[in-house]
Amino acid sequence: MQTETRSEQFHSSSVIGALLRKLHIDIPLFIGLFLTCALSFLILYSAGGQEIGVLTRQATRIGVAFVLMIILAHINPRQFHRHSAVLYVFGVLLLIAVLVAGQVGKGAQRWLDLGLFRFQPSEMIKITTPMMIAWFLSGYTLPPKPKQFFIAALLIVFPTLLIAKQPDLGTSLLVASSGAAVLFFAGLSWRFMIATGVVLTSLTPVLWHFMRDYQKGRVLTFLNPEADPMGRGYHIIQSKIAIGSGGVHGKGWLGSTQSKLDFLPESSTDFIFAVYAEEFGLSGCLGLLALYLLIISRCLYIAVQAQDTYSRLLAGSLTFTFFVYIFVNIGMVIGILPVVGVPLPLISYGGTSMVTLLASFGILMSIHTHRKFLPT
Amino acid sequence: MVRIYAIKDPLAENRIFLSRVVAVFTLVVILIIGLIIRLMYLQIVGHEHYSTMAKSNRIKILPLPPTRGIVYDRQGRILAENLPSYSLELIPEQIKDLDDTLLRLQQLLDISDEKIEQFLKQKKRGKRFSSIPLLLRMSDEAVAKFSVVRPYYPGVDVHARLVRHYPYDFLTSHVVGYVGRINEKELKSLPVADYRGTHHVGKIGIEKTYEAQLHGQAGYSEIETNAQGRAVKTVFSDDPVPGANIFLTLDIDLQETAYDALDGYNGAVVAIEVKTGDVLVFTSRPGFDPNPFVYGISIKAYKALQQSVDQPLFNRALRGQYPPGSTIKPFMGLAGLEYNVTDFRHKLFCPGYYQLPKLKHKYRDWKKWGHGSVDLEKAIIQSCDVYFYDLARTLGIDRIHEFLQKFGFGERTGIDLVGEKAGLLPSKAWKRKYRRQPWYPGETLITGIGQGFTQVTPLQLARATATLANRGKVVTPHLADRIVGSNYTTAEPLEPEVQIELKTKNLEDIVSAMVNVVHGARGTARRLKVGVDYLIAGKTGTAQVFTVKQEEQYNEKELDIKLRDHALFMAFAPANDPQIAVAVIVENGGHGGSVAAPIAGKIMKQYLTGVKEVVVAD
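As you go down the protein sequences, you meet chains Z and G in turn.
Mapping to numbering that gives the first Met the number 0: the first sequence position 371 is 370, numbers consecutive.
Mapping to numbering that gives the first Met the number 0: the second sequence position 612 is 611, numbers consecutive.
Hints were generated in silico from the structure; no laboratory data involved.
It is possible that some hints are incorrect.
Pair by pair, the computed Cβ-Cβ distance ranges are [unchecked claim]:
#: 1; chain 1: G; residue 1: ALA211; chain 2: Z; residue 2: GLY254; range: 38 to 44 Å
#: 2; chain 1: Z; residue 1: ARG190; chain 2: G; residue 2: ASN182; range: 14 to 20 Å
#: 3; chain 1: G; residue 1: MET39; chain 2: Z; residue 2: LYS144; range: 54 to 60 Å
#: 4; chain 1: G; residue 1: ARG37; chain 2: Z; residue 2: ARG190; range: 52 to 58 Å
#: 5; chain 1: G; residue 1: LEU26; chain 2: Z; residue 2: LEU153; range: 24 to 30 Å
#: 6; chain 1: Z; residue 1: ALA96; chain 2: G; residue 2: LEU312; range: 37 to 43 Å
#: 7; chain 1: Z; residue 1: ALA96; chain 2: G; residue 2: LYS432; range: 43 to 49 Å
#: 8; chain 1: Z; residue 1: LEU98; chain 2: G; residue 2: MET39; range: 51 to 57 Å
#: 9; chain 1: G; residue 1: ARG431; chain 2: Z; residue 2: ALA96; range: 43 to 49 Å
Note that the Cβ used here is the ideal one computed from N, Cα and C, for glycine as well.
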């Protein structure tokens with residue numbers, strides 16, 4: 000409590016500012032998130048067939064996610080630090096539970112039925128993995144030594160493989176990148192990274208061997224979508240038509256024809272960017288990317304301002320994961336990356352990723368608003 | 000929590016971190032620029048191209064559904080084919096006033112309300128711009144009637160489609176099965192790309208088992224259309240790959256003989272070629288006509304089938320579970336010989352009943368006054384129950400279970416049909432687990448004569464018979480002989496050979512006893528030997544449907560027909576070089592020897608001599 004009062008003394012110039020700081024909300028970040036979510040409603044209304052039900056359901060989810068974000072923002076980062084290992088182990092145990100007893104949904108085991116609601120442990124692991132790595136590395140002098148690097152790598156690879164086995168390629172990719180980001184921010188030497196890159200590349204054939212048929216199919220389709228226009232290439236071709244026909248200015252809100260005629264599958268979820276690009280054109284796309292870039296910049300600023308190694312590494316990694324979401328989703332929709340199930344952050348319809356994303360922004364706000372203010 | 004904030008050189012770490020943040024920020028900016036370049040390429044450079052493609056009705060990708068493979072019997076006769084048929088289809092998007100159109104069509108073509116309802120249901124599921132059938136199998140007259148007034152019905156059209164047809168309807172309903180409209184559940188599990196344009200999917204039988212092979216791969220064509228959506232020209236097309244044809248091991252002539260022979264009864268017949276495991280006959284009577292299921296059976300007709308007391312939709316050969324009755328005795332006898340607890344010539348006195356030591360309960364023989372002195376051979380020939388009560392008691396349930404399991408009792412045979420039942424072969428462990436009760440000695444006795452908990456499917460019984468005929472080499476029944484695709488042929492893969500360890504002498508003793516069931520003067524199936532010049536080994540069985548109380552008499556004539564015993568018969572021939580094994584179960588047929596055995600006899604005769612018995616004078 001002492002830190003809070005002191006922070007107020009230093010920065011409270013207005014009553015509103017004091018109130019918001021009391022709420023532990025970071026204003027620029029909050030505004031960025033709010034704008035993106037508002038935009039999401041606009042697009043969802045159009046992509047979801049102009050149904051109010053879609054909007055109310057999404058509003059409920061966003062509401063829950065914002066509450067969670069504010070709750071997390073109130074927790075002192077030291078608490079995250081203290082419980083990192085426990086949370087990580089708990090998450091991994093849940094993942095194992097899913098594999099053993101999970102419900103089979105859409106051919107993949109991802110859900111754990113807790114009676115009242117269904118829970119996807121792989122979402123939680125997206126946050127607990129970077130927490131664990133940051134906790135582990137922050138105990139040593141940085142940059143990490145080879146031994147610490149290997150232990151950290153194991154801690155990343157284990158949950159990644161568990162999720163890949165579900166199989167959920169998109170999420171396992173996000174978990175791996177969030178862990179790797181911590182290592183990168185911790186100052187892992189470039190030589191190490193290049194060596195790891197070479198090893199991973201040489202392991203690609205092995206990975207190929209372990210992939211499911213549908214995953215192989217997606218990669219092959221990505222390499223040559225026209226080979227199978229009725230099947231797997233269908234998504235990509237239709238999505239490119241939708242985006243390209245949008246032009247510079249777009250067809251206007253509610254003006255998309257491709258998604259309306261059901262040419263474009265998954266238009267409210269993973270492929271929502273195509274609807275957006277069709278309706279709002281290149282100018283709209285630039286606007287959205289700018290908004291995302293602003294959020295990322297603010298988050299990186301928070302990371303730089305953070306006062307201990309753990310917070311810094313965690314903030315950096317969560318920010319980077321947010322970007323990976325954006326890049327992988329848009330890259331897939333515009334046909335420069337293979338189709339993996341990653342939603343467009345804060346915009347795609349669906350609750351699980353929304354909650355995880357806003358939870359990580361909550362942690363970022365917590366890191367930023369619990370600083371002990373030093374004279375500048 | 001000892002290591003918190005163990006930072007050695009905060010300034011250096013800060014510097015590293017800052018440089019990494021700069022690196023990440025640079026990367027983010029570069030990648031976002033990459034995305035922007037790609038977007039510019041799509042939305043500025045490619046705009047013209049993609050706009051043309053998007054012009055809603057200009058270029059359409061039309062799926063070309065593949066032709067479903069044909070199912071043949073072992074002689075190459077067609078069991079499932081595709082016949083051209085006309086259907087009336089509507090595209091809701093192109094119809095201004097759907098209710099009015101439907102009403103006018105209803106008056107014009109005399110369409111039932113039920114069909115309209117079905118159509119509306121399908122419309123809800125489908126997409127507005129896809130073509131939804133209203134009438135299937137239109138008569139030529141109806142086609143002509145509609146063609147005249149076609150211009151007044153925009154969005155309505157007659158389509159020629161191939162519709163699945165089963166020429167042998169009742170005979171093959173439980174083997175070949177049928178296709179029906181794809182339902183929502185199936186839609187989720189089917190590969191989307193290959194089923195665009197396909198409306199039907201295998202529901203049961205071979206049609207379901209081999210759905211993937213029979214269906215084939217969809218092709219597509221890109222067609223240019225005018226504003227009304229009519230095709231102007233084909234820009235590009237990729238032909239579909241038709242489904243593979245399947246040749247079954249089934250012999251439709253034998254199948255017909257079996258089905259006809261069951262006339263007047265409910266029951267099942269399965270015949271297996273001993274050396275190969277080919278299923279020659281797979282009959283469940285009553286069958287049903289599968290053809291209405293293809294174009295949508297009416298609710299009334301379906302209910303009638305479902306609620307019929309004869310249960311025509313029930314596949315008795317695959318899923319019917321019956322007590323094996325005395326047909327279990329040859330296997331029991333073989334178990335006794337193999338475990339050395341009896342000798343083929345060991346004699347026992349049968350007074351007509353059997354009692355466990357110190358217990359009053361009398362386990363009766365079917366012959367009230369008993370068989371007198373019996374050895375194993377006589378016990379099989381005359382089907383003496385007392386002998387097998389005693390044998391079962393000496394063997395004990397565990398050894399019975401262990402031995403019978405080898406012949407496949409209590410397990411699925413693995414035939415290529417979906418929904419097979421496993422039957423039941425009881426054991427102490429089974430009873431403890433599922434009934435939560437201990438095993439009682441009396442239950443061992445009745446297991447010995449094929450009553451009690453034991454249940455077998457006709458298919459299992461046929462398989463066990465074939466395995467016995469094959470001198471212990473386990474036979475795995477299968478229906479598909481070979482699958483012939485447009486560019487491949489796959490034959491039924493050879494199963495690994497499993498040989499049950501049996502002493503030749505024991506086996507031949509049992510087979511000779513079974514031969515005498517048919518050819519012996521007092522055999523229970525002695526009527527079968529008339530007019531055959533090969534040796535048949537068989538065993539009759541009678542399975543109790545209800546239990547006769549201790550001091551009561553079983554009186555067949557007075558009994559309600561549904562409570563009458565099931566008649567069973569299993570046989571193979573020729574006994575010395577077995578070619579065919581048959582199992583017959585006739586529900587409420589009474590005695591195995593009089594009702595079930597002649598059916599098996601006919602099939603074996605027809606298979607071995609090639610002559611079909613035309614009329615059997617009674």
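Problem - Unmet hints by their number, sorted upward, for this structure - result: 2, 3, 4, 7, 8, 9
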